[in-house]
Amino acid sequence: MTKRKLFHFKGIGLRTRENLYGYGFVFLWIIGFVVFTMVPLVQTFLFSVNQVTVTATGIDLRPVQWDNYSRALVTDPTFVGLLIEYVIETLVSVPIAIIFSLVIALFLNMNFKFKGFFRTIFFLPVVITSGPVIQELTAQGATSVPGVANLGAITEFLSTLPSYLSNPVEYLLTSFIQILWFSGVQILIYLSSLQKIDKSLYEAASIDGASAWESFWKITLPSLSTTTLINAAYTIITLSHFSENKVIKYIYNQTYAVQGGIGYAGAMSFLYFFVLLLLLAVMFLVLSPRREKRR
Amino acid sequence: MEGNLRVKKPDLTKIKTFLLGSRTNYGMVFTVLLYALLIAIGFVYLYPLLFMLVTSMKSPTDLLNPMVQWVPTTLYLGNYEKALRVLDYSNTLVSSILVSVLPSLITAAVCSLVGYGLARYRFAGKNIIFALILATFIIPAQNTVIPQMLMYKNLGLLGNILSLILPALFGQGYRSAIFILIFYQTFLSFPKVLEEAARLDGASDLRIFFQVALPAAAPAFIISIIFSTVWYWNETYLTSIFLEGGIQTLPMQLGKFTQAYENLYPPGMVNIFDRLNEAVKLAGTFLNILPLLVMYFLLQKWFVESVDRSGITGE
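Chains as they are written, first to last, in our numbering: chain A, 1051 to 1345; chain B, 463 to 777.
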């Protein structure tokens, strides 16, 4: 009772007051969202259904309906190929990044000597994964599994496989370290969730005779299911936004190309965005049922 | 006989415990396996860095010599001298620092405000705002970048650091969504008691935010500023579109290293040893990440340990 009275001190109701202050704090963000995200997004969409020409005075729009989209999907020989390559590479990378970061997080959650040293190593990539750096390192062959990708036997074996099989394997071999390097933040996220799991659960399980192996599958993994979802989403989004991503580079180059243009680039951006959303949806479908089974 | 058995049994368990571990210790086999794995993975992780460091110190003769793999014959720093010149290091370094630190400070400040509002007030449409915040994280930059660029062009802000600061000021900086969630989690985890006590004493909401909530959120600030700085530093897509022609950051300059090198050392004019080779390129790459490495080793405690405190996991 006294509490409710307290909030009445300015003569406005609690709910109005909360609304007012809540929006007061979020106000800046809402303006920013409208100005820097929503309006540009709508504008890009408008560009994508127009032929855009940049003139000295401004930009000219000539409506072409869905021509840019059909051009990207049907006429352009490179775009769809790059898009498929991107989907395959993402589907290969995400499980590796997830499993790898989980394993490292499990290691780092244990007690052993020199833990700080190893921790320093595993988080190092977080600070250095910028586009040009990765590009230079990949160009010099420094991100492939040391020694493996250059073995004659392997390249020979790959050449016998059909390209839809050999391409992902080749990608895996040449970019293995790059995938691992994209796992830094995920390790952090896993580690902090691992530390939140109630230790008494493990004690109870071991008293009941569960082995460490069993408690990993029955306690650790189920407790991490939400975290896995977050990590998978994070991995997909980071990989898709990475400036060395071939689709992004292609769209960027087409923006300034004579035969491309802003409208065409806009159409490809939206198609790419759509594929990204599809990937996220697939990931949710794959990872969510496991959460239901637990109950 | 019986006595003998009794002596032997504990011995066996001792060996077994030593090898396979017990409840309190992991055991020898597991420990050896653990370190072997950790060292192997650690090596794979560091391999590109080691490769870069070693190659960048190879002289042109070492590069051509197939016998020289991991240990250069002499300590050769000529590559670094060239890379420093090509990167225009002192200028690009200063602008890189400005371009990454200023927006990240602003991002942290604004995100703390937004995160606090979301954590402490119940208002209509909050879920929609959460969804939109997540959307800003998912929407690829190229879906919004061209209209933004045209807007800055009209305002005369292209090539100006303001083109990065303005979005940050309105909570739309690079990966702001993550920092909003970090602050949201942080403020949510604080007990409300202190703030209610301050309110009883007649403090206004803003004053409570600044004097009670913010000081307690210091770890969230530090981790946000660090990560934001690193991400802004490494961001090249937006910077190359918004800043090109005005400000050169280190990664931007690295992106056109070959071109810049050939401007300084025209291929037809210099002798074969001064031509661009991978050693110079990798020296440039190393110079590029050096400031971040220094920052990382100085602040590494914060990278790792504040994560549990600031609750980076947004469940």
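Simulated from the structure, these hints should not be mistaken for laboratory data.
A few of these clues could be false.
Unchecked claim - To give an idea of the chain B side of the interface with chain A (calculated C-beta under 8 Å), a few residues:
1) N589
2) F592
3) A593
4) I627
5) F672
6) V674
7) P677
8) A678
9) E706
10) L716
11) R737
12) N739
13) L755
Quick reminder that beta carbons are idealized off the backbone N, C-alpha and C, glycines included.
Evaluated hints:
1. N589: violated, 12 Å
2. F592: violated, 10 Å
3. A593: violated, 11 Å
4. I627: Given a least distance of 12 Å, the restraint on B:I627 is violated.
5. F672: violated, 12 Å
6. V674: Cβ of B:V674 sits 15 Å from chain A, so the hint is violated.
7. P677: violated, 17 Å
8. A678: Interface hint status for B:A678: violated (17 Å vs cutoff 8 Å).
9. E706: violated, 11 Å
10. L716: holds, 4 Å
11. R737: violated, 16 Å
12. N739: violated, 10 Å
13. L755: Holds, because the Cβ-Cβ distance from B:L755 to chain A comes to roughly 7 Å (cut-off 8 Å).
The structure fails to meet hints 1, 2, 3, 4, 5, 6, 7, 8, 9, 11 and 12 from the earlier list, while all remaining hints are met.
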